[in-house]
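Engineer: Listed below are the residues making up each chain.
4 protein chains.
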Amino acid sequence: MNTFGRNFRCTTFGESHGKAVGVVIDGCPPGISLMEADIQPYLDRRRPGKGPLESARQEPDRVEILSGTFEGVTTGAPIALIVRNRDQRSGDYDALRDLFRPGHADYTWQAKYGLRDHRGGGRTSGRETLARVAAGAVAVRCLAPCGIAIQGRIIEVHGATELEAIEAEIRAARDAGDSVGGIVEVTATGCPAGLGDPVFGKLDAAIAGAMMGIGAVKGVEIGEGFGAARLSGGEMNDPITAGGFTSNHAGGILGGISTGQDIVVRIAVKPTPSIQRVQKTVDIAGKEREISVAGRHDPCIAPRIVPVAECMLALVLVDSMLEQAKYRGPGER
Amino acid sequence: MNTFGRNFRCTTFGESHGKAVGVVIDGCPPGISLMEADIQPYLDRRRPGKGPLESARQEPDRVEILSGTFEGVTTGAPIALIVRNRDQRSGDYDALRDLFRPGHADYTWQAKYGLRDHRGGGRTSGRETLARVAAGAVAVRCLAPCGIAIQGRIIEVHGATELEAIEAEIRAARDAGDSVGGIVEVTATGCPAGLGDPVFGKLDAAIAGAMMGIGAVKGVEIGEGFGAARLSGGEMNDPITAGGFTSNHAGGILGGISTGQDIVVRIAVKPTPSIQRVQKTVDIAGKEREISVAGRHDPCIAPRIVPVAECMLALVLVDSMLEQAKYRGPGER
Amino acid sequence: MNTFGRNFRCTTFGESHGKAVGVVIDGCPPGISLMEADIQPYLDRRRPGKGPLESARQEPDRVEILSGTFEGVTTGAPIALIVRNRDQRSGDYDALRDLFRPGHADYTWQAKYGLRDHRGGGRTSGRETLARVAAGAVAVRCLAPCGIAIQGRIIEVHGATELEAIEAEIRAARDAGDSVGGIVEVTATGCPAGLGDPVFGKLDAAIAGAMMGIGAVKGVEIGEGFGAARLSGGEMNDPITAGGFTSNHAGGILGGISTGQDIVVRIAVKPTPSIQRVQKTVDIAGKEREISVAGRHDPCIAPRIVPVAECMLALVLVDSMLEQAKYRGPGER
Amino acid sequence: MNTFGRNFRCTTFGESHGKAVGVVIDGCPPGISLMEADIQPYLDRRRPGKGPLESARQEPDRVEILSGTFEGVTTGAPIALIVRNRDQRSGDYDALRDLFRPGHADYTWQAKYGLRDHRGGGRTSGRETLARVAAGAVAVRCLAPCGIAIQGRIIEVHGATELEAIEAEIRAARDAGDSVGGIVEVTATGCPAGLGDPVFGKLDAAIAGAMMGIGAVKGVEIGEGFGAARLSGGEMNDPITAGGFTSNHAGGILGGISTGQDIVVRIAVKPTPSIQRVQKTVDIAGKEREISVAGRHDPCIAPRIVPVAECMLALVLVDSMLEQAKYRGPGER
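Chains as they are written, first to last, in the numbering used here: chain W, 1 to 333; chain Y, 1 to 333; chain H, 1 to 333; chain D, 1 to 333.
Hints in this document: simulated from the structure, not taken from any laboratory.
Heads up, a few of these hints could be off.
Below, computed lysine-lysine pairings styled on DSS-like, alpha-carbon distance capped at 25 angstroms [stated by the list, open to error]: (1) D:K19 with D:K50; (2) Y:K19 with Y:K50; (3) W:K50 with W:K19; (4) W:K19 with D:K19; (5) H:K19 with H:K50; (6) Y:K19 with H:K19.
Produce the complete structure using the sequences and hints provided.
Structural biologist: Right, dumping it as structure tokens:
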């Protein structure tokens with residue numbers, strides 16, 4: 001299932017060390033102005049190699065629109081976006097061909113498919129998120145005229161919550177050949193009330209699935225989240241007044257449907273599994289081995305997950321907006 | 001979207017105070033023995049009115065199989081299950097007809113549809129979960145021959161983690177006309193490696209969507225969950241030995257695919273929003289009002305969510321098992 | 001796949017000689033007035049036993065709305081409709097338990113599932129169409145306010161095209177213990193231009209799939225249909241003038257999208273496979289046997305397919321209308 | 001909806017005069033050997049410009065595999081295939097920018113989307129079928145090891161049924177600046193019994209939808225097709241003996257499920273709508289105009305539809321094979 005969404009359907013493809021990574025967006029409304037320059041800044045934000053605390057892989061990550069626009073405007077036809085891979089040091093991975101990296105999908109992918117592209121994780125690489133970000137950039141353009149904006153930020157890394165302390169934690173992990181986890185918060189403002197469906201199509205269910213579908217994410221919460229387990233009903237319920245809700249413990253969603261307040265989502269990001277520290281593992285024959293993952297890796301993946309999480313939220317919201325449009329469909333109303 | 005699942009597709013229907021609640025299961029494999037007596041115990045576990053700390057609504061909740069079996073065995077045709085509603089004191093809700101209950105879907109449903117069935121929450125009632133549990137009971141029967149078992153439990157209520165303290169918290173909330181939240185943990189044992197799909201169809205993404213789709217759930221985590229944000233890679237990665245993984249920080253899922261270890265999920269349940277304590281709200285005309293929700297409500301909904309969460313996990317797993325079966329499909333292998 | 005439609009999703013269930021036949025409609029817009037009395041006339045039209053040329057099975061076929069309406073109006077929640085089976089002479093089928101009836105799905109169902117409910121065809125019975133007609137009646141109510149109406153008629157039976165000759169053909173088949181095929185034409189008027197999607201979601205593709213999905217249908221054509229193979233482009237193309245198209249060889253659909261003209265569909269209905277004439281077959285053990293299908297069967301099924309085909313067209317159109325509503329969704333337009 | 005299939009999901013993209021045409025295949029089983037050289041011959045068969053009776057557009061149509069294979073074998077990851085457009089004489093279409101070509105989707109696309117790419121039909125061009133053929137070539141590779149083969153042929157053009165007469169009809173149409181329609185028959189051999197689903201997922205319903213989804217197709221029939229309307233049950237039913245069915249009036253499908261016999265499908269292809277003969281039309285402002293479509297067009301499109309129809313049948317069958325694999329999923333069997 002490499003397709004996300006019911007109405008604004010994004011199908012991603014491509015491996016870390018294959019020819020290209022890309023996405024086909026089916027269901028984008030016609031009449032939206034869209035150029036490569038609208039998408040590129042999102043890819044630039046996500047790109048590695050921008051600083052000393054990030055993977056040193058150097059990719060220009062230039063997006064090309066192959067279809068779906070005419071004279072700079074979307075036509076309603078599927079929009080294909082591709083980014084060619086360049087800086088593929090597949091040789092870095094030769095030593096890993098027969099080893100299962102702990103914390104990675106190597107073992108499970110082998111169990112599932114009986115074979116795998118070992119170069120940089122192949123399809124399971126974080127590089128796949130590039131395609132999501134490209135699609136999310138288009139989603140953001142669809143949401144902007146509706147007044148919806150999305151903003152993510154890191155709120156915690158390895159227990160630290162201040163910016164300097166966070167940087168220090170990441171630096172220390174890098175220097176130790178290790179990595180650290182963190183928490184990212186994403187907020188959507190300007191979202192109208194009424195988005196989402198009751199029962200299985202709840203807006204928070206869609207968001208939870210979208211966020212947990214990002215590699216390295218181990219937890220998702222909305223509004224008070226796990227903190228709600230320690231509250232009473234009198235504390236948790238958001239009072240309603242003529243001026244609207246007076247608090248937002250719900251995180252903008254009640255009964256699976258948006259309230260019109262800010263939608264607030266937090267996700268737990270595990271430490272990057274690729275570390276230089278020696279770990280125990282087995283090879284494909286089941287023989288015990290030791291492994292130290294060299295290559296080019298981020299000591300903390302949370303910063304680079306921020307734009308990905310923003311884009312996943314954008315995809316969920318644009319999909320819900322299109323779904324909701326159907327309720328203005330035919331009928332005696 | 002009242003349908004859950006891609007292969008084992010469950011479509012639920014029915015309102016709290018309508019004629020019946022039910023589910024149609026499409027895609028259940030043929031040849032599985034199935035009688036009403038196989039399903040009833042699951043409904044009995046979920047049923048309210050079993051003790052002083054639960055809603056006093058008395059419903060026999062007798063399930064009837066309308067289709068899909070022949071001589072006690074599933075045929076591959078859709079299985080329709082219905083439960084007639086009996087103890088409908090719709091009158092309890094007359095006073096709420098024009099009021100939006102804080103913490104409920106009343107306001108958002110009105111914003112979405114422009115009208116609503118106010119009686120007991122209508123479709124947004126927890127009574128809808130009865131249909132999920134009936135479907136989950138069928139899923140459990142499909143999983144049993146594969147050696148997969150699922151077990152849930154309450155691990156925290158309003159900060160308390162011991163059984164007596166938990167009961168005291170619930171009792172205190174009830175006596176105060178208030179309610180409390182909690183945390184439920186669900187574990188699946190016996191699950192083979194290889195379930196789930198990379199990218200958007202990850203097993204943990206499906207679980208997160210399924211769990212967050214249960215009313216009152218505000219957070220979902222797998223394995224270490226939010227705790228992973230405070231770990232280093234060396235701590236989080238589960239070492240692999242010839243005898244298998246030596247720890248399970250991942251909670252049984254790596255890269256979205258099951259590892260063969262126990263799948264461990266925790267969910268945050270908010271306090272029941274229906275409380276007797278007076279709250280501020282508005283009526284449908286926007287006029288400020290006060291509300292005290294009488295009716296028959298659980299002071300803590302977590303205990304009754306346990307079987308629902310187990311059933312949602314069963315539905316995700318049976319769906320993944322059927323999806324995975326396709327990889328033994330046609331081809332040069 | 002017992003679900004039809006993407007937006008107005010109908011999931012049918014039930015066997016010919018089971019407890020009930022029914023449908024759950026998910027995605028019906030809210031605010032449409034709907035009572036059992038709105039649906040019943042459609043079931044009455046489809047019902048057998050109305051005349052000497054039809055099956056003598058007597059079923060009251062009373063529909064019951066179980067959910068999805070409140071005070072006589074749809075709420076947006078799933079609408080469950082059921083019809084209890086009454087006149088089940090399952091004993092009629094005891095002799096057929098181990099035999100494969102030629103022209104029926106007995107052999108193929110056994111090949112697919114490894115078991116089957118032999119009573120009256122079980123799930124493969126024409127009785128399943130009752131659920132489609134119930135759903136179609138709701139679709140018709142959604143289409144009416146948009147000015148769309150659908151009308152079907154028999155245009156040929158066993159070569160005869162006049163009403164008296166048609167009746168004579170059916171009578172002769174019945175008297176000979178045989179059956180005859182026919183052609184049904186269905187026309188939708190008042191349909192706006194712009195429905196349907198390019199490529200795989202073409203309106204005519206959806207119609208063709210819907211019609212071929214009716215048991216006994218062996219062919220579908222739109223507009224000139226197979227006659228188009230004998231025309232030149234100059235004859236086939238419908239000229240466009242300021243007053244609109246001056247002919248309708250296209251049958252109301254160009255490039256998969258409605259033109260605003262009448263949508264004209266014809267379907268080929270094979271002769272009822274259940275005949276008293278002795279036929280060769282085998283039993284479940286592969287032993288050669290002879291079979292004469294007694295029971296209660298229509299000598300020509302085309303008349304009873306007319307309301308079913310109308311309802312399938314209604315379902316396709318309401319689904320397309322809801323899909324099209326999304327193009328008025330978010331965006332810079 | 002630019003995606004076809006439930007399990008072997010093909011999403012096509014690209015316009016006639018855009019940068020590229022392509023397809024992403026999601027759900028292809030792993031372990032199938034696949035090189036560009038396996039796909040290219042199918043594109044070559046479909047390519048225009050091979051003879052005097054075809055469009056003179058010259059396109060090398062070289063396919064490139066962007067993802068989804070590793071060391072020449074499919075991995076289970078999505079397979080992206082693209083073909084760059086070369087011989088784009090968009091200028092040929094400048095005169096048509098504001099005109100609606102009769103028999104084309106120009107008018108309906110404008111009605112649907114409010115704008116369109118007029119160059120060569122944009123997304124509605126027959127060039128889109130190139131992506132289907134690329135996907136179909138992969139499907140054929142999946143089917144081959146199962147012993148399934150698919151073969152199409154022209155059986156009628158403008159009333160002629162012999163090869164020489166057919167060629168004469170096409171030549172005459174070309175010389176007259178006109179075009180002619182025809183009938184294509186496609187047969188699948190080696191298909192096992194048991195494919196397809198009852199009710200809405202019938203194999204013939206899927207085939208009908210797939211075939212009618214090819215531009216220019218106006219009718220689809222299976223086995224006897226429309227001829228069945230003129231038969232009696234005694235003639236139509238295929239007798240079953242210990243050696244199998246003794247005839248194949250059903251065309252290999254009974255009750256929507258394959259019988260194990262040849263699957264026989266016929267489709268009616270309308271005359272190419274682009275003709276030099278002067279036709280009446282209107283421009284985008286509604287003003288009456290005359291039009292003569294120059295450009296490079298096939299006087300009969302049926303020959304080039306043969307490989308497309310074969311590929312669509314291959315896609316339906318591989319999808320059904322994967323669906324059927326699920327019935328060997330979990331359960332007490």
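Engineer: For every hint, state whether the structure bears it out.
Structural biologist: Results of checking the hints against the structure:
{"no.": "1", "hint": "D:K19 with D:K50", "verdict": "holds (23 angstroms)"}
{"no.": "2", "hint": "Y:K19 with Y:K50", "verdict": "holds (23 angstroms)"}
{"no.": "3", "hint": "W:K50 with W:K19", "verdict": "holds (23 angstroms)"}
{"no.": "4", "hint": "W:K19 with D:K19", "verdict": "holds (18 angstroms)"}
{"no.": "5", "hint": "H:K19 with H:K50", "verdict": "holds (23 angstroms)"}
{"no.": "6", "hint": "Y:K19 with H:K19", "verdict": "holds (18 angstroms)"}
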